[in-house]
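In order, the protein sequences belong to chains X and R. Just so you know, we're using the working numbering here: the first sequence kicks off at 1 and counts up by one. Just so you know, we're using the working numbering here: the second sequence kicks off at 1001 and counts up by one.
Treat the hints as calculated values from the structure; they're not laboratory data. Accuracy of the hints is not assured; some may be wrong.
[Unchecked claim] Pairs of lysine-lysine residues, derived as DSSO-like cross-links and limited to a Cα-Cα distance of at most 30 Å, are as follows: (1) X:K25 - R:K1007; (2) R:K1156 - X:K46; (3) R:K1182 - X:K13; (4) R:K1170 - X:K46; (5) R:K1006 - X:K61; (6) X:K73 - R:K1013; (7) X:K61 - R:K1170; (8) R:K1182 - X:K73; (9) X:K61 - R:K1182; (10) X:K13 - R:K1170; (11) X:K69 - R:K1170; (12) X:K73 - R:K1156; (13) X:K24 - R:K1156; (14) X:K69 - R:K1156; (15) X:K61 - R:K1068; (16) X:K69 - R:K1087; (17) R:K1182 - X:K69; (18) R:K1013 - R:K1088; (19) X:K69 - R:K1007; (20) X:K73 - R:K1068.
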Amino acid sequence: MACENEYSHLIHKYLDEEMTLLEKKKLENHLLHCADCSGHLRELRKTVAIVQSASHMEAPKDFTANVMKQLPKETRTNQWKTWTRRHPYLITAAVFFLVFIMSVSSIWTGGQKEIIVQGDGHFVVDEERGVVIIPEGEVISGDITVRNGDIEIAGEVNGSITVINGELIYSDLTNGENYLASTGHVAGEINEINQVFGWLWFHIKSFFSDVINVFN
Amino acid sequence: MDAVVKKIIIEVKKGDQQAFSELVEIYKDKVYQVAYRMLGNAHEAQDVAQEAFLRAYTNLETYDINRKFSTWLFRIATNLAIDRIRKKKPDFHLEDQVAGTEDLNYYSQIATDEALPEDQVVKFEMQEWVQNEIMMLPPKYRSAIILKYMEDLSLKEISEILNLPVATVKTRIHRGREALRKRLRDS
Ligand SMILES: [Zn+2]
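Pulled out of the complex, with its shape left as it was, chain R reads as follows:
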């Protein structure tokens, strides 16, 4: 995979613009997911994800070919998403967040049932619930949780993406996890 990506990047750097579409194809779902989970709506997610690829293209000269491309790309995407959140909500604090109540009944039902229902409708509502809860987290915990549990990345990769020491990433994941757990228990 990495070898294929490297080859494509060399082609793009030589001036083959069309080759870039292959990179977009490989990473579009992952980048879109990060953007969507961070921002919570499809329109902004598409905007930010597309912008991330455009920035990657125009700044490709600064990308170090010996490092992992996905890490570099995720870094662009998460930075753009965090910028977008800051512009939307200049004073974002966990304390400001008031829990939505509409999903709570559903949620306590899930919480008490050991086995999760397989039904598609239920699955969809579950998705919504997860997204709602993630949106309740402050952006710095949100990004750590998304990269860890939705993109399945290692702590080292997350620390490179967020430009933070591994220890800080760990703390953010712990706090994010704890916040989600409390909401799960209190609801």
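Isolated chain X (complex conformation):
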């Protein structure tokens, strides 16, 4: 036991590999003959091995999100600066996409198609403008569906209006905000189904396959 106290410091130095060659030789010699000291070293080595064997721990799953939530709020200008710095390509893509939508829309509206009207009542078809007109004083008794054309209502529609590939035109917008009053009366729902989006998708797909061909 007395030996243990005397050699304890040396044994720790030995373990940390901080001895001169001479010190090392002396201790190793002593260890050969002293069971206490060699036991001490063995126990220390085992202790270290056990502590090291404790496998590494992982932070909880939501750790990063929790930290980020608690950070002081960024200023707006910083957020924008940061965003543009991190996503320059996204801005380019957004601008490009806008141009793309406009050109596809023009392809779409340029195509001539026959106007089809389904409904019960008197209406006028202005072929030149591509508009179906419900004149003032006229009443459509049920629903009306217009395909490939716009609809302008001065009279009344008792049912719903569905416009496919066209839109509802208010006959008089000059009156200001309350334009519904200046148009005819519509009892049901107004649905505008724009197949431009269907077209758009088709064009996007063919556009990107073209782009890929170009790059290949």
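For this one, chain X is given, so just place chain R with the ligand on it according to the hints.
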């Protein structure tokens, strides 16, 4: 690695808050481990580890980019953990500690077996044992042992983290190691 961390820190300093999440991702496990080993429970460990990152963020201006970021971060984390221990237990002494007895049988079994069993259950109990023993150490030895043997840091790094001379760190590691060994032998 250091170059990547440097780049992220420059981004954060420019005002890119989102870039900070990359730093958290890189160091969260290490910081959490230090906090857990120091405090011995998951709830407080998460608290302290998160607080360490928040402090790092708000004090980033004071961080010297030419020094190792992990050292600075560990320093914040260990200081917070030690503060937490002090608040919990104002008079902490090694002598006050009474050994838990529930793990002792298991422990002597490990101690006498040369080869450690590979079984997962055993591994888990081993983890618990190590944690229990580390919790028995006074905080100043505990932090030195954790940083040395669990985070695998050099004496120089530990001395910077704990703001102590290398010689003092060595002494603390020796004493911590000795205390653990005695418990291993006496149990
Ligand atoms: Zn001896």
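Checked hints:
1. X:K25 - R:K1007: Violated: K25 of chain X and K1007 of chain R sit about 48 Å apart, past 30 Å.
2. R:K1156 - X:K46: Satisfied, since the Cα-Cα distance of roughly 24 Å is no more than 30 Å.
3. R:K1182 - X:K13: Distance of about 18 Å is within 30 Å: holds.
4. R:K1170 - X:K46: holds (19 Å)
5. R:K1006 - X:K61: holds (25 Å)
6. X:K73 - R:K1013: Holds, at about 14 Å.
7. X:K61 - R:K1170: Violated, because 35 Å separates the two Cα atoms, which is more than 30 Å.
8. R:K1182 - X:K73: violated (51 Å)
9. X:K61 - R:K1182: violated (37 Å)
10. X:K13 - R:K1170: holds (9 Å)
11. X:K69 - R:K1170: violated (39 Å)
12. X:K73 - R:K1156: violated (37 Å)
13. X:K24 - R:K1156: holds (23 Å)
14. X:K69 - R:K1156: violated (34 Å)
15. X:K61 - R:K1068: Roughly 26 Å separates the two Cα atoms, so the pair holds.
16. X:K69 - R:K1087: Status holds; Cα separation ~27 Å.
17. R:K1182 - X:K69: Given that 30 Å is the threshold and the Cα spacing comes to 45 Å, the pair is violated.
18. R:K1013 - R:K1088: With a Cα-Cα distance of about 35 Å, the restraint between K1013 of chain R and K1088 of chain R is violated, given a limit of 30 Å.
19. X:K69 - R:K1007: With Cα atoms ~22 Å apart, K69 of chain X and K1007 of chain R stay inside 30 Å; holds.
20. X:K73 - R:K1068: Holds, at about 27 Å.
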